[in-house]
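> Sequence:
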Amino acid sequence: MEMILGVTTCDKCDEPMKTGQKIVTIGLSNVTKANSEIKTPEPEIRYACHLDCWCGVEVDY
750 MEMILGVTTC DKCDEPMKTG QKIVTIGLSN VTKANSEIKT PEPEIRYACH LDCWCGVEVD
810 Y
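Residue numbering for the sequence shown follows our numbering, starting at 750 and increasing by one per position.
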């Protein structure tokens with residue numbers, strides 16, 4: 750999946766995002782099929798921050 754950020758600063762620290770940095774994005778999506786296929790319309794990214802700034806819980810299923 751390829752996404753384009755309209756604003757390229759971190760929503761948490763306001764510092765610029767640089768090529769190669771890992772980031773966290775939060776977007777709006779819809780489950781479109783019973784097998785949990787997700788459809789993400791563009792542009793629906795609501796939050797983007799550097800991974801180092803992220804204070805949420807990361808779960809690897």
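Read the hints as simulated data drawn from the structure, not as lab findings.
Just so it is clear, the structure is predicted and the values come from calculations on it, not from any experiment.
Each hint should be verified, as a subset may be incorrect.
Stated by the list, open to error - Ranges between beta-carbon positions, derived for each pair: (1) Glu786 - Pro765: 13 to 23 Å; (2) Asn784 - Lys761: 26 to 36 Å; (3) Thr768 - Trp803: 37 to 47 Å; (4) Ala783 - Asp763: 26 to 36 Å; (5) Thr757 - Leu777: 13 to 23 Å; (6) Cys762 - Glu793: 21 to 31 Å; (7) Thr757 - Ala783: 13 to 23 Å; (8) Glu793 - Thr758: 38 to 48 Å; (9) Met752 - Asp801: 17 to 27 Å; (10) Val756 - Ala783: 34 to 44 Å; (11) Asp801 - Gly776: 27 to 37 Å; (12) Asn784 - Glu764: 13 to 23 Å; (13) Asp763 - Asn784: 35 to 45 Å.
All residues carry an ideal CB built from backbone N, CA and C; glycine is no exception.
> Compare the structure with each hint and give your call.
Cross-check of the supplied hints:
1. Glu786 - Pro765: 13 to 23 Å: Given range 13 to 23 Å: violated, Cβ gap about 34 Å.
2. Asn784 - Lys761: 26 to 36 Å: holds, 34 Å
3. Thr768 - Trp803: 37 to 47 Å: Taking Cβ atoms as reference, Thr768 and Trp803 lie about 19 Å apart, which means the hint is violated.
4. Ala783 - Asp763: 26 to 36 Å: violated, 41 Å
5. Thr757 - Leu777: 13 to 23 Å: holds, 20 Å
6. Cys762 - Glu793: 21 to 31 Å: At roughly 23 Å between Cβ atoms, Glu793 and Cys762 fall inside 21 to 31 Å, so the hint holds.
7. Thr757 - Ala783: 13 to 23 Å: violated, 37 Å
8. Glu793 - Thr758: 38 to 48 Å: The hinted range 38 to 48 Å is violated for Glu793 and Thr758, with Cβ atoms some 19 Å apart.
9. Met752 - Asp801: 17 to 27 Å: Given about 20 Å between the Cβ atoms, the range holds.
10. Val756 - Ala783: 34 to 44 Å: holds, 35 Å
11. Asp801 - Gly776: 27 to 37 Å: violated, 20 Å
12. Asn784 - Glu764: 13 to 23 Å: At 39 Å between Cβs, range violated.
13. Asp763 - Asn784: 35 to 45 Å: Because 39 Å falls inside the window, the suggested range holds.
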